[in-house]
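Asker: Read off the chains here:
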Amino acid sequence: MDTSRSYLEPSSFSKKMAAAIIIVYAVITLIPISWMVMTSFKNVDSAISYPPEVLFEPSLEGYVNLFTNRSRQSQEYLDSLPPPDNWYEELVRSREMVITGPSKFLGRYSNSMIIGFGSTFASVFLGALAAYAFSRFRVPLKDDLLFFILSTRMFPPIAVAVPIFIMYRKLGLGDTHLGMIILYTVVNLSLAVWLLKGFMDEIPKEYEEAAMIDGYSRLQAFFKVVLPQAMTGIAATAIFCMIFSWNEYAFAVLLTQFNAQTAPPFIPTIIGEGGLDWPAIGAGTTLFLLPVMIFTIILRKHLLRGITFGAVRK
Amino acid sequence: MSVKKKFKGLSDKAVGWLFIGPTVLLLLAINIYPLVYAIKMSFTNFYANKIGREPQFVGLKNYIKVLNKEAIWEKMQVTASFMFWTLLLQAIIGLGLALLLNRKFKGNELLTTLIVLPMMLSPAVVGVFWTYLYNPQVGLFNYVVNFFYDLGSFDMIGSSTLAPWAIVIVDTWMWTPFTMLICLAGLRSVPNYLYEAAEVDRASKWQQFIYITLPSVLPFLLLALLFRGIENFKMFDMVVELTSGGPGSATELASINLKREAFEKWKTGYSSAFAVILFVTIFGFGNVYVKVMNKIKER
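So the sequences go chain by chain: A and B. Numbering-wise, the numbering used here puts 122 at position 122 of the first sequence, and it's gapless, one number per residue. When you read off a place in the second sequence, starting at 1, and then add 1000, the result is the number in the numbering used here.
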């Protein structure tokens, strides 16, 4: 009634209805994730009780099982041992087992870190160079080259996995960190070039031209003027590359085995006695998903922009 | 251009090639070369696990074998129905959520972020933890379903009628936010004056929705479905960990079958032919789809 534009604003009732439906959807969609986090704090028995337990006594058994290898022992043998030195030893012994050593989880997790950061750095760096050139210079066949770069993303990973497998075997890159870093760098490059070109287009040419008049070379102007200006875009692109490398499964399961295996192919193989050890899998999943969830929530503005980027710019 | 030559250091042309060169070379080496290699192998009877055995040229034999195999058509059918249901559900729910979120209520941005969380997670790990939720004895999903409607004991992953729905549900849960975000971007790009003009012309809210909102979002929705379609055609990780293609071959999608032929039976020549056929299929459908999409946009 009061302003001329008020009819464009949805009424307060319809806003409340919309909010209510969205909240219900958000709660439903978060249940599976919360359930996995809860399971990681259950003990093996309460993880397989029915009806599912919402209230339970928290236990760190899942995390202990995730980080250790254990073997079952007889009661006489356990009695003959000296008393346990620490709480996790005690927890394992109460299950009539002893710790035989650390599990592979930490190694797999650090492989994920090394390969993730390595490939993210490489694809953002190379992507920034290419994006700058596409944004500023007259490149022959520019549109064709850009489309070529994008089209490489359409290949099903399995289709190129066999040739890469054979190629890597010949070059000695199979099951190595370097091999996986190169592979993920290439998979991410197309996205990096496209996203970064958009960000570079927004930086006015005048900045680096002014620097060049002041005696900078083109390269110096790029590194000292353009790159700092593009930092937001670089951060957003880096998150996308990191999330892809962190989550990738198909190449990892086909091309790595002992040395460079990352966490996604490893987590499903955590097996306890008589089937899957759900609290341990919950613990592995939680530790693996946690960084991505924190990233997503903290950096939501960049992320949401990046996702809708292609659509909005056309 | 002549002015720029006076600046010190490398010429722009040299810098341009220096900057683009590494990217193009890497893509050629790790993307194009393997693809060409795969096409070459698809005309041979090569087995990657038999080192030292010289592969022989067999012409189109592998292609004929793939196309005549009834099992392949079954996999294609499984893939097609998986794509149909996931895209349909994600289009409807995603667009619905976007329309609701566009009402800009309080806490809108935080809720968007929370809804988006599933699509940021590792599909393989998601597949693993859904096997727990679907567990027929202790699973939360089965408990919740039985709470509302008593079905008794049922096994989402173990039954060949339910397993295809099990993967559709997980994919929809995971990827609806993607359609939602793209639609939301579309809704926010509709200029306000269109609605103002419609109000002046006394168009009802329903008419405004049909004649303004829907046509503006449609290109965005179609684009989102294109991306999801390509991804789901290639779908591998989540389904492998959830059902590993089973029971029997009820959820054996094309890429899962491809992986079995290539990395378990090591029929490299045959599987390369299959891969090429899949690639041509997706490229062909993709092209037709883009053409149709552009026509709709022009209207």
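FYI, nobody ran anything at the bench for these hints, they're computed from the structure. We put the beta carbon where it would ideally sit given N, CA and C, even for glycine. Careful, some of the hints might be misleading.
[What the hints assert, rightly or not] Below, computed lysine to aspartate or glutamate pairings styled on EDC-like, alpha-carbon distance capped at 16 Å: (1) Lys-301(A) with Glu-1109(B); (2) Lys-15(A) with Glu-1109(B); (3) Lys-1065(B) with Glu-1054(B); (4) Lys-224(A) with Asp-214(A); (5) Lys-205(A) with Glu-1109(B); (6) Lys-224(A) with Glu-206(A); (7) Lys-142(A) with Glu-206(A).
[What the hints assert, rightly or not] Some residues of chain A that are not near chain B, with every Cβ distance over 12 Å (derived): (8) Ser-11; (9) Ser-14; (10) Phe-67; (11) Asn-69; (12) Asp-79; (13) Ser-94; (14) Arg-95; (15) Met-113; (16) Ala-128; (17) Phe-137; (18) Thr-185; (19) Ile-203; (20) Gln-220; (21) Glu-248.
Asker: If a hint holds in the structure, say so; if it doesn't, say that too.
Answerer: Right, here's what the structure says about each hint:
{"no.": "1", "hint": "Lys-301(A) with Glu-1109(B)", "in the structure": "9 Å, holds"}
{"no.": "2", "hint": "Lys-15(A) with Glu-1109(B)", "in the structure": "14 Å, holds"}
{"no.": "3", "hint": "Lys-1065(B) with Glu-1054(B)", "in the structure": "21 Å, violated"}
{"no.": "4", "hint": "Lys-224(A) with Asp-214(A)", "in the structure": "13 Å, holds"}
{"no.": "5", "hint": "Lys-205(A) with Glu-1109(B)", "in the structure": "34 Å, violated"}
{"no.": "6", "hint": "Lys-224(A) with Glu-206(A)", "in the structure": "14 Å, holds"}
{"no.": "7", "hint": "Lys-142(A) with Glu-206(A)", "in the structure": "22 Å, violated"}
{"no.": "8", "hint": "Ser-11", "in the structure": "9 Å, violated"}
{"no.": "9", "hint": "Ser-14", "in the structure": "6 Å, violated"}
{"no.": "10", "hint": "Phe-67", "in the structure": "17 Å, holds"}
{"no.": "11", "hint": "Asn-69", "in the structure": "20 Å, holds"}
{"no.": "12", "hint": "Asp-79", "in the structure": "33 Å, holds"}
{"no.": "13", "hint": "Ser-94", "in the structure": "22 Å, holds"}
{"no.": "14", "hint": "Arg-95", "in the structure": "19 Å, holds"}
{"no.": "15", "hint": "Met-113", "in the structure": "14 Å, holds"}
{"no.": "16", "hint": "Ala-128", "in the structure": "9 Å, violated"}
{"no.": "17", "hint": "Phe-137", "in the structure": "4 Å, violated"}
{"no.": "18", "hint": "Thr-185", "in the structure": "7 Å, violated"}
{"no.": "19", "hint": "Ile-203", "in the structure": "15 Å, holds"}
{"no.": "20", "hint": "Gln-220", "in the structure": "7 Å, violated"}
{"no.": "21", "hint": "Glu-248", "in the structure": "8 Å, violated"}
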